[in-house]
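Here the protein sequences line up with chains C and B, keeping their order. First residue of the first sequence? That's 0 in numbering that gives the first Met the number 0, and the numbers climb one at a time after it. First residue of the second sequence? That's 0 in numbering that gives the first Met the number 0, and the numbers climb one at a time after it.
Derived from the structure by calculation, the hints contain no laboratory data. Hints may contain errors.
[Stated by the list, open to error] Label pairs and their calculated CB-CB ranges:
| hint | chain 1 | residue 1 | chain 2 | residue 2 | range |
| --- | --- | --- | --- | --- | --- |
| 1 | B | 224 | C | 264 | 49 to 57 Å |
| 2 | C | 160 | B | 15 | 35 to 43 Å |
| 3 | C | 163 | B | 69 | 38 to 46 Å |
| 4 | C | 228 | B | 218 | 41 to 49 Å |
| 5 | C | 138 | B | 38 | 41 to 49 Å |
| 6 | C | 163 | B | 264 | 48 to 56 Å |
| 7 | C | 160 | B | 103 | 24 to 32 Å |
| 8 | B | 163 | C | 44 | 40 to 48 Å |
Just so you know, these numbers come straight off a predicted model, no measurement behind them. A virtual CB, placed ideally from N, CA and C, is assigned to each residue, including glycine.
Chain by chain, the residues run as shown.
Number of protein chains: 2
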Amino acid sequence: MSEPLRVMVNGRAGGTLDPLDRGLAYGDGLFETILAVDGRAPLWLRHMARLAEGCARLGLPPPDPAQLAAELDGVVAGLARAAVRVTLTRGSGPRGYAPVGATATTRIVAAFAAPTIAAHVQRQGIRVRLCDLRLAAQPRLAGIKHLNRLEQVLARAEWDDPAVGEGLLLDTEGRLISATAANLFLCRDGRPMTPALDRCGVAGVARAEVLALRPDCLVRELGTDDLMHADEVFLTSSLRGVMPVTRLGDRQWPVGPVARALQRHWRGMDPAGAAA
Amino acid sequence: MSEPLRVMVNGRAGGTLDPLDRGLAYGDGLFETILAVDGRAPLWLRHMARLAEGCARLGLPPPDPAQLAAELDGVVAGLARAAVRVTLTRGSGPRGYAPVGATATTRIVAAFAAPTIAAHVQRQGIRVRLCDLRLAAQPRLAGIKHLNRLEQVLARAEWDDPAVGEGLLLDTEGRLISATAANLFLCRDGRPMTPALDRCGVAGVARAEVLALRPDCLVRELGTDDLMHADEVFLTSSLRGVMPVTRLGDRQWPVGPVARALQRHWRGMDPAGAAA
Numbered sequence: 000m001s002e003p004l005r006v007m008v009n010g011r012a013g014g015t016l017d018p019l020d021r022g023l024a025y026g027d028g029l030f031e032t033i034l035a036v037d038g039r040a041p042l043w044l045r046h047m048a049r050l051a052e053g054c055a056r057l058g059l060p061p062p063d064p065a066q067l068a069a070e071l072d073g074v075v076a077g078l079a080r081a082a083v084r085v086t087l088t089r090g091s092g093p094r095g096y097a098p099v100g101a102t103a104t105t106r107i108v109a110a111f112a113a114p115t116i117a118a119h120v121q122r123q124g125i126r127v128r129l130c131d132l133r134l135a136a137q138p139r140l141a142g143i144k145h146l147n148r149l150e151q152v153l154a155r156a157e158w159d160d161p162a163v164g165e166g167l168l169l170d171t172e173g174r175l176i177s178a179t180a181a182n183l184f185l186c187r188d189g190r191p192m193t194p195a196l197d198r199c200g201v202a203g204v205a206r207a208e209v210l211a212l213r214p215d216c217l218v219r220e221l222g223t224d225d226l227m228h229a230d231e232v233f234l235t236s237s238l239r240g241v242m243p244v245t246r247l248g249d250r251q252w253p254v255g256p257v258a259r260a261l262q263r264h265w266r267g268m269d270p271a272g273a274a275a
Numbered sequence: 000m001s002e003p004l005r006v007m008v009n010g011r012a013g014g015t016l017d018p019l020d021r022g023l024a025y026g027d028g029l030f031e032t033i034l035a036v037d038g039r040a041p042l043w044l045r046h047m048a049r050l051a052e053g054c055a056r057l058g059l060p061p062p063d064p065a066q067l068a069a070e071l072d073g074v075v076a077g078l079a080r081a082a083v084r085v086t087l088t089r090g091s092g093p094r095g096y097a098p099v100g101a102t103a104t105t106r107i108v109a110a111f112a113a114p115t116i117a118a119h120v121q122r123q124g125i126r127v128r129l130c131d132l133r134l135a136a137q138p139r140l141a142g143i144k145h146l147n148r149l150e151q152v153l154a155r156a157e158w159d160d161p162a163v164g165e166g167l168l169l170d171t172e173g174r175l176i177s178a179t180a181a182n183l184f185l186c187r188d189g190r191p192m193t194p195a196l197d198r199c200g201v202a203g204v205a206r207a208e209v210l211a212l213r214p215d216c217l218v219r220e221l222g223t224d225d226l227m228h229a230d231e232v233f234l235t236s237s238l239r240g241v242m243p244v245t246r247l248g249d250r251q252w253p254v255g256p257v258a259r260a261l262q263r264h265w266r267g268m269d270p271a272g273a274a275a
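Same shape as in the complex, but just chain C (with noise of 0.2 Å):
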């Protein structure tokens, strides 16, 4: 993780922000964090979609896709492998919450050096914690990726341990629910199943990807008694594919075939994405 490499704000390289825009004032807007390998998003329908979907979730207009398209090249011209984040809010306006008078929506559009995962990490997985902060229900807000994240901050921040790749969250109900910044799956006699996101959490792209690959899976309520029961357990997330889960606290995972299969799927859309 980086400084950006190229910035366009309302297609425009190196374009400012006004700093009321209520994108800052009140985080009122969303965002998608994409990954292009040699100019191409192997999930930009699936980000497109769910960007379209919070759009009509929040009342924004509807993203142009075209436009985004055309910036992203833009922005990743001549990268191997970038990380785009592309921004949406809702713009300026009057002060005050309501959002009638917004002017025009902000669009924001840049490309940093995208995370590459060490080999050993794909073949051994990855420890994580439990987080202290528990996701607080809002269905209004659930499932879509708008810019309101303190609560994923405030997670992330509980621990700075190099050995930790990422914190388990359960909401206020002790529900499992995600990690801080991918979607959790967990494996039963070679079955996946995965939290459903109605009540908070963000529904991952790569997610969607694994959910439509693998018809099969349960989408349901879960607990950490599933956690614990597991034969084998991964996040997913636009950047980083498939992560295999191997260690919490003093419990072990092996590297299952359901996230191996799903590895194998990754490395086709994503030749480079893991370092030699």
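With chain C held as given, fit chain B onto it using these hints.
Below, chain B alone, put in the same frame as chain C:
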């Protein structure tokens, strides 16, 4: 509510914002909306105290009140009555939720024309409605005025009838919490009470002023039954002072003695607050 009159970013007039500021990326920051009357903010100390608590809760460096006071002076110079929005964010940093590596915090100070409450509203009170959106319970973020305000945006978007002055919010358990941009007080037999804000809601500075003036005020869980059985109802906000609530659907309340006494106190602080 109008365009800002003057804006400073990190102490510079007309300063610009990094499009990747964490205040926009994640709503990673706090704000205050401060009434300035003839260049002085009557509730300044309460605003600084709340801002300091918010910084402590979010792991941000403590604010510098002397610096903020100088910048407030800069943006309100010559204005009889201004609403000043002070925003602090965690600034820029590497991509991702982890707050480490964020460079210096970002500071935005902007002056707007302050709303004047028509005298008849002060005398007759306002009509409110009950919002459909329910506030989620997140104790880690309760009380502080952070930038994650999509709940308030969505709640305020529920109506555009100018005859409705505010919307009341319940939490997901049905407890009465506040209005979208004000705190709520109910009175029974002359005794005020206000919702506890340990799970959600913003602990307003005007609310704090009322609690100091009325140490007999109860702070506890309240529900719509309490609202319906109240003798009088009023809202408080830093910019609007004390606003009696006189109508909700078919229910009506008088403007009562508790509100009237508090309005007299407020006129001492903000003589021009109510337009003749």
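These are the hints, each one checked on the structure:
At roughly 56 Å, the beta-carbon separation of residue 224 of chain B and residue 264 of chain C lies within the given 49 to 57 Å, and the hint holds. A beta carbon spacing of about 37 Å between residue 160 of chain C and residue 15 of chain B agrees with the range 35 to 43 Å that was offered as a hint. Taking the beta carbon of each, residue 163 of chain C and residue 69 of chain B are about 43 Å apart, inside 38 to 46 Å as hinted. Separated by about 44 Å at the C-beta atoms, residue 228 of chain C and residue 218 of chain B satisfy the suggested range of 41 to 49 Å.
Checked against the hint of 41 to 49 Å, the C-beta distance between residue 138 of chain C and residue 38 of chain B comes to roughly 45 Å, which is consistent with it. Roughly 53 Å separates the CB atoms of residue 163 of chain C and residue 264 of chain B, a value that falls within the hinted 48 to 56 Å. Between residue 160 of chain C and residue 103 of chain B, the C-beta spacing of about 26 Å keeps the proposed range 24 to 32 Å intact. Our hint of 40 to 48 Å for residue 163 of chain B and residue 44 of chain C holds, since their Cβ atoms are close to 41 Å apart.
The structure is consistent with each of the numbered hints, conforming to all of them.
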